[in-house]
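Student: Sequence:
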Amino acid sequence: MDDAQARRLARAGWQTRIFRNDPEGEADADARFWARMSPADRVLAAWALSQEMHALAHPDAPPAEPGLSRSIVRVIRK
Numbered sequence: 302m303d304d305a306q307a308r309r310l311a312r313a314g315w316q317t318r319i320f321r322n323d324p325e326g327e328a329d330a331d332a333r334f335w336a337r338m339s340p341a342d343r344v345l346a347a348w349a350l351s352q353e354m355h356a357l358a359h360p361d362a363p364p365a366e367p368g369l370s371r372s373i374v375r376v377i378r379k
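So in this note's numbering, spot 49 of the sequence shown is number 350, and the numbers just go up one at a time.
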């Protein structure tokens with residue numbers, strides 16, 4: 302399979318819709334798009350958007366994936 306065929310196959314499942322002055326219709330379509338995804342896919346999409354936003358905000362910084370903080374704190378009431 303060449304590159305053009307692979308791109309054509311990938312686009313086969315795409316859905317497109319144009320919204321002209323229809324914010325409610327756009328919001329409904331957006332909600333349906335995210336509802337069709339599994340929670341794991343939504344997390345992956347949110348992470349990808351976070352990485353993209355970080356790259357846009359810090360164009361000179363290397364790609365960063367700091368992960369979760371592993372600091373442990375214990376609070377004892379007196």
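Simulated from the structure, these hints should not be mistaken for laboratory data. Being a predicted model, the structure only gives us computed values, none of them experimental. Please note that the accuracy of each hint is not assured.
Unchecked claim - Okay, the calculated beta carbon distance ranges per label pair:
| hint | residue 1 | residue 2 | range |
| --- | --- | --- | --- |
| 1 | Ala341 | Trp315 | 47 to 55 Å |
| 2 | His359 | Arg321 | 23 to 31 Å |
| 3 | Asp303 | Ala336 | 32 to 40 Å |
| 4 | Phe320 | Val376 | 22 to 30 Å |
| 5 | Asp304 | Ile373 | 46 to 54 Å |
| 6 | Ile373 | Ile319 | 33 to 41 Å |
| 7 | Glu353 | Arg333 | 31 to 39 Å |
| 8 | Arg321 | Arg375 | 53 to 61 Å |
| 9 | Ala356 | Arg308 | 55 to 63 Å |
Note that the Cβ used here is the ideal one computed from N, Cα and C, for glycine as well.
Student: If a hint holds in the structure, say so; if it doesn't, say that too.
Tutor: These are the hints, each one checked on the structure:
no. : hint                        : verdict
1   : Ala341 x Trp315: 47 to 55 Å : 21 Å, violated
2   : His359 x Arg321: 23 to 31 Å : 36 Å, violated
3   : Asp303 x Ala336: 32 to 40 Å : 35 Å, holds
4   : Phe320 x Val376: 22 to 30 Å : 50 Å, violated
5   : Asp304 x Ile373: 46 to 54 Å : 49 Å, holds
6   : Ile373 x Ile319: 33 to 41 Å : 52 Å, violated
7   : Glu353 x Arg333: 31 to 39 Å : 23 Å, violated
8   : Arg321 x Arg375: 53 to 61 Å : 57 Å, holds
9   : Ala356 x Arg308: 55 to 63 Å : 24 Å, violated
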